[in-house]
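Produce the entire structure from the sequences given, and follow the hints as far as they go.
For the protein sequence lines, the chains are S and L, in the order given. If you're matching positions, the first sequence starts at 0 in numbering that gives the first Met the number 0 and goes up one per residue. If you're matching positions, the second sequence starts at 0 in numbering that gives the first Met the number 0 and goes up one per residue.
These are calculated hints, taken from the structure and not from any lab test. Every clue listed holds true.
Below are the EDC-like pairs computed for lysine to aspartate or glutamate, each with C-alpha atoms no more than 16 Å apart in a straight line:
#1 K59/S <-> E32/L
#2 K14/L <-> D79/L
#3 K2/S <-> D57/S
#4 K173/S <-> E70/L
#5 K190/S <-> E140/S
#6 K13/L <-> D212/L
#7 K336/L <-> E282/L
#8 K29/S <-> E32/L
#9 K13/L <-> D51/L
#10 K29/S <-> D164/S
#11 K2/S <-> E310/L
#12 K95/S <-> E381/L
#13 K95/S <-> E119/S
Computed, partial: chain L to chain S, Cβ under 7 Å:
#14 F198
#15 T296
#16 E303
None of these values were measured; they are calculated from a predicted model. For each residue, glycine too, the CB sits at the ideal point set by N, CA and C.
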Amino acid sequence: MRKRINIRISGLGGQGAVTSAHVLATAVYKEGRHAISNPFFGAEKRMAPAESYVRISDQKIYDRGEIVYPDIIMLYHPQVYTMGKCYTMPFYSGLKKGGLVIINTDHPLLNEEDIQRLEELEARLLYIDATQIAVDIAGTELASNMAMVGALVGATKIVAMDSLDKALQDRFGKKYVASGGTATLDEAIKKKFAKKEQLLAKNLQTIQKGYEISSAWVETFKTPMLV
Amino acid sequence: MAGNNNRSIGAVNKKGQKIVEPEYLFFEAPRQEFFMTGSEIVKEAIRRASVDISVAYPITPQSEAAALVGELWTEGYVGDYFRGENEFAVMSQCAGASFGGARVFTTTSGPGTLRAFENFPMWSGARLPILINVMVRGVNSPLNIQPDTLEMAFLLDTGMLIWHAETAQELFDMLLKGFIVAEQPDVHLPIAVCIDGFFVSHTKEMVSLTGTDICLPHYDPYRSPVPCMDMEAPPMRMMRDPFVMKSNYISYATHASWQQEVRGAVERARKYSVRYLGGMIEEENSDADILIVSSGTAVAQGREAVRLLAEEGIKVGIVRIKSIRPFPTEELRQATKNARLIFVPEFNVSGWMAREIKSTIDRNHRVIAGPHVAGGMTMPPEIIAEEIKKVMHLRKKELVHG
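Shown next as structure tokens:
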């Protein structure tokens, strides 16, 4: 694995791109390693582009802000691609050689030209129907971000599942105050579950499903990820 | 000790927090690690700051921090808290509270800073030690909510103290230290603790915090160098019945001498800033031939560029400016005296920090104003490294005077 992993998450406002980046970074922090996460979004609202970034390393990280040269790119919604709802065009702009791309979609999304470009970059591409996984397990598409985080961790083993569980407890297990928009979404997600414990358990199960799918996918390669 | 005569040291407040010497809280108290955003850090600093009043108005990216201070008020850690009608009202209300002898905290960003602007030199002129956390954001137009440090350039000559934090950790420390420096009787000025919006406010990172069981002593308004709300003495007399409105020599002289006194007070903050911030600048390999000199997260990006260049065998040093007002004039002259090239990366369109440095050091053709990005654009370390290599190559060829 590389000494620094830069992850760029392109999603739509309300999908939890920011929350999942924070959860992932917190999980790394819980392991005593270095991580830093930050969001980037405009003054727009739901369904508008929203990105977040996670940097992970075993040495101190100073770099912050938008990630221009990612090792990993995740698209949380097909519209990021089909409607260009991201801050870079094409969405893989700046992707480092031998990188990883994970896309939430229910069908093969990219056109031939983009597939070819990604092949030139020796990138590995995983389509995963994170929204369906979230609906099936958690009963709400609001948990799609959790399936995506699971897929990322399954493909890279960048953090232990136990640490993710702890990070999840940190974020949803206690009173959390955020901006009005985030607070509204937090309320919405809480209403989907009878109890907080249930919310945490279902989210973790959603993460696990994404993890299993991508772990199986990784087995099909002869060489390790992100060398 | 910074002349703290507060008799409440050792007492316990209504939240069960023990009031301690500021020096103990800053330098000795045990600390614990957390993983938090800059906005959450503001809440934690203010929890320990014995703030009497905070006035808020929402504007991205500071809305979250302002809301979290409101939470603190409901928890009982802040004396009073309310939402103003707009930023001009907020800063005026802060002035009123400070005139009345309260320790005042507020936050704003970009267009909010500009809307409130008339109040900032008024605060300085009235010697109100208000602490404002400025989470910098792009200034219109076009509309922008992303980090951009241009508004800090506007604040430079307001007579306020200005500090610039690089990380959430430094934000925590500067918020607490800021009150103590601003409230010294020979300073007694407002202070802007600036951070780069999003890059610090919305970024989650590791921080080390003192316990919630200790806090700063209260502000003591009787240590103010100007009489509290005395309508017959400056500065209130000047506001109630402005001499300058009457065109005579005494009116000009009063205004000029008072403004000089405000500048003098900024200078007198130097010794406290040095003591509490551990120096006005931070140096790392400043004996190198090539230096990156700047403030805020532009330096963080510079630190990564230093790593990239080291892999290619190019040694680059860092000088980070922590206090912008007062400005570290002598420190910068010393730290840069052997440098051949001085790069000033900035998150704004004007390159004001490069201008400040150019007007401070000798042989200022050594200063390269850049790279700079603006309007919330990110500054990847790679472009700083590229810029350094490009200029190194060019300057090898041309004969440079001086």
